[in-house]
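Protein chains in written order, with this note's numbering: chain A, 1 to 247; chain B, 248 to 572; chain C, 573 to 863.
Just so you know, not all the hints are guaranteed correct.
A few chain A positions that, by computed beta-carbon distances, are all more than 12 Å from chain B [as the list claims (entries may be wrong)]: (1) GLY27; (2) PHE50; (3) LEU59; (4) ASP64; (5) THR70; (6) ASN96; (7) GLY139; (8) GLU144; (9) HIS192; (10) ARG211; (11) GLY216; (12) GLU238.
Rough simulated footprint, nothing fancy, chain C against chain B, three-plus residues with beta-carbon under 8 Å [as the list claims (entries may be wrong)]: (13) 358 to 369; (14) 373 to 382; (15) 449 to 457; (16) 486 to 494.
Bear in mind the hints are in silico, worked out from the structure with no lab data behind them. A quick note: this is a predicted structure, and the numbers were derived from the prediction, not measured. C-beta: ideal position from N, C-alpha, C; glycine also.
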Amino acid sequence: MLEVQNATKRFGGLVAVNQASLKAAIGSITGLIGPNGAGKTTLFTLISGFESLTEGRVLFQGQDISHDETHIRARRGIARTFQIVQPFAGLSVIENIAVGAYLHHAKRSDAMARAEEVGRRVGLGPELDKSASSLTVAGRKRLELARALATEPKLLLLDEVLAGLNPSEIRDIIPVIRAIRDEGVSILMIEHVMQAVMNLCEQVYVLAHGRIIAEGPPAEVCDDATVIEAYLGTGAAERLKREKVHA
Amino acid sequence: MTFRDIVPIIAVIALLAFVPVFVTANTVLNFLVFTLIIALTAQGWNILGGFGGQFSFGHAAFFGTGAYAAALLQVRLGINPWIAFAIGAMAGAAVGWMIGYLSFRSGLRGSYFALVTLAFAEVLRILANAATFTGGAAGVLIKLHVRPENFQFESRSAFFWIALALVGAVLVLTRWIERSRFGAQLVAVRENEAAAKALGVDTLRVKLGAITLSGAVTAAAGCLYAQYFLYVDANIAYGTWISVEAILAPIIGGLGTVFGPLVGAVALHGLGEVTKLAAGSVPGIDLMVFGVLLVVAVGFAPDGILGLLRRLRRSAQLSGAPRHA
Amino acid sequence: MMYSPAIIAEAVVNGLMTGAIYALIALGLTLVYGVLHIINFAHGALLTAAMFAVWAVHVAFGLDPYLAILPLTPLFFGLGYAVQRFVIGPASHGSDSNILLVTLGLSIAIENALLAGFRSDTRSLNTDYGFQVVELGPLLLSKPRLIGFGAAVLVTVLLWLLLSRTDTGKAIRAVAKEKLGASLVGIDVAHVYAVTFGLGCACLAVAACLLMPTFYVNPRIGQAFVLVAFTIVVLGGMGSIPGALLGGLFIGVVESLCGLFLGDSLGQIGIFLIFILVLLVRPTGMFGAKA
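Pulled out of the complex, with its shape left as it was, chain A reads as follows (with noise of 0.2 Å):
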């Protein structure tokens, strides 16, 4: 589905991703993890096409897009959430959704039944004539995924959607994902709350100062020493294998 090659991005002198390559089957979950400032974002700014890569190449079913805008590359199948949301703040819940929906559909009516479907089946059906404003944290998470899936991806890219969620938010969420996949949208995910990670993702990547560390099924990768020692610091693997041994 997604084949990212050797992607790099420098801004200047920092290199923000370096020589990172992943794939993203079709018809799966894949998690993208790291500590904070690892690259992530930026290298979904690669495949959506918000920054040019430096180097390295963006492949999608099989055809190069890498110096594809972002607009063609949604109308291609990829569509992305924003880490920090973006809702469109004048505008109602339905609204909001419908300008994802007429990507496919050009007329008003189509596009408003579409967003309207969409909108309940990610649990927005009360809140649809509310002023997107007016959302909580949760319901603007909501919000986010509900417009990305209005545009009837191919692929879509979560960045951290389960953020700032409380741990019922997230329970109620997570089904909703797992759904969106078994329809034969391969997903593609950011996240820091490692429990949805384990739940989801059947591949993990993860990156860390811009570089891909290591790859593989969830727990492998948990379990990975230069993994730990990425988010806790060097030696850290040591000291939780001490630690595991005596306990």
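With the hints as your guide, set chains B and C onto chain A.
Just chains B and C, lined up with the frame of chain A:
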């Protein structure tokens, strides 16, 4: 867009169409035609500024292009004024597209976009004022030749109806924008350009579409101005006054609404006349009031007159409705 | 057409002298932009008001325009402070596009209040030094314009010292860089905004006093200056003080040379073309202060 969407527009225009039946004083008709020309200018601005959130401070560039095109095509090239009118509107669209292409391609927005539009209008003003083809500082006079096929009429009412028809047509156009995919995408660009892009909106194309339409409508107002007053010079056609009028009416009336520019133009110029009556012939006094109103409107009534009315109606409904405890 | 080197040299020097005044006007604009991140559309109208003030105190009290700097600078500082604190700040609710519209509204109101009060007549001052000249090698230079040049450069340096050496300057720079952080360490942001706006207006008062001995005033005069000032600010980099000075001098020379080669009516077009080009190609300015 369904027929029901345009019923209010038809009602308002039909109602206004009867005004010349009751009012025949030339001064009043003059005032009404002028106000409608301003309304049309402002409707053009509202498409780009109100719906698209791109505040142009140089809509004189379009108004002037329309006015000069209408005047010069008939005076210098002998083209029929009705055809000149159509070409004038298209010229406005072309200038709009060009300014839009240059500035949106460079990613200009906010204050920078306001500044660059202002500068484009000034360049056109200086050029029109200096070139001989445009009559230089002396301007262009359109020869008085009262015949309908010349776009000149015996009665002012005829002009009133033509201006009204154009305003009505743009009301319908704006209503269509509001109910269409193009409009939804335009508003999305206004609210959050990055989010719009992520949802597959070709933001450059949408903004270009808006400025092109906007330029055409405001240029049509310029054509009408030239045809009504039969005179154009650089300071009228490309002057900052008309850029300011274009901004004021939608903001006072209701930014990004269908009726806002019309309501704003009528309210402003109605108030302007009242001020002039009250203060005598002090120059600038009406504009001074407009300036203060703009500050007050932005500060206290950001949704304009229509927003205030909506709020009033809602509170009336709330207090009038039977209370279920 | 060929011009002798002397004529061109004179045009350049004249351009530099006009440019210094332009720089002073642009200084106020760029300072306000650098700190408040807003474009003050009322800048031109405030300049007109200052020029009328110079004219009025001369006519009423016989005060020399250069001496008028002493009362008018603090007066316009206070005026600017009040306008920002009590009008622009509260009315704009912190949104950029609102500030744009509020300052536009102010400019319309001020300009037309002046028109209502003074009518559209053009007025100028009669001073005994208005036409005095200084001989500098082969060049004959207007004495009041030379004074204007020196004073404008001096004020620029003073303002730069104020910003870099004093506590007020530090507070202003802190707010310019990081508004939230500044407010967290106890800086009153609204006060700093108003002080900055006041300083911008004070620059205008000085510029008006320097301009009036050789120039005239009418209610629309500010418009011409402010468009030039915008060009300078954009050219010099929004918010950059050295940029404003260099940009001002450069634009003064460009205008003077364009006037020489293209004639008066087309002379200004060079400035606007530069303006548009810079905006389109490099809106952060040629001396690029900040993105």
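task = Over 12 Å to the closest beta carbon of chain B is the bar; see if PHE50 (chain A) clears it.
result = With a cut-off of 12 Å, PHE50 (chain A) comes too close to chain B, as the shortest Cβ separation is near 7 Å.
message = Minimum C-beta separation from LEU59 (chain A) to chain B exceeding 12 Å: can you confirm that?
response = Per Cβ check, LEU59 (chain A) is outside 12 Å of chain B; nearest 20 Å; holds.
query = Was GLY216 (chain A) rightly flagged as not at the interface, with every chain B Cβ beyond 12 Å?
reply = holds (30 Å)
Non-interface claim for THR70 (chain A) versus chain B (Cβ beyond 12 Å) = It is violated; THR70 (chain A) is separated from chain B by about 4 Å at its closest Cβ, not greater than 12 Å.
Check of the segment 449 to 457 of chain B against chain C for coverage (Cβ-Cβ below 8 Å, three residues minimum) = As far as the segment 449 to 457 of chain B goes, the hint is violated, because 0 residues have Cβ atoms under 8 Å from chain C.
request  = Grab the minimum beta-carbon distance between HIS192 (chain A) and chain B and tell me whether it stays above 12 Å.
outcome  = holds (21 Å)
ask   = Is the Cβ of ASP64 (chain A) more than 12 Å away from each Cβ in chain B?
value = holds (19 Å)
Assertion that chain C covers the segment 373 to 382 of chain B - criterion: three or more residues, beta-carbon distance below 8 Å = holds (count 4)
ask   = Holds or violated: is the Cβ of ASN96 (chain A) farther than 12 Å from all Cβ atoms of chain B?
value = About 8 Å separates ASN96 (chain A) from the closest Cβ of chain B, which leaves it inside 12 Å; violated.
query = Can we confirm that no CB of chain B comes within 12 Å of the CB of GLU238 (chain A)?
reply = holds (43 Å)
task = Examine each Cβ of chain B, and state whether all of them lie more than 12 Å from the Cβ of GLY27 (chain A).
result = holds (22 Å)
inquiry  = If I take the minimum Cβ distance from GLY139 (chain A) to any residue of chain B, is it greater than 12 Å?
reply    = Non-interface label on GLY139 (chain A) holds, nearest chain B Cβ at 16 Å vs cutoff 12 Å.
Taken one by one, the earlier hints fail for this structure at numbers 2, 5, 6, 8, 15, listed in ascending order.
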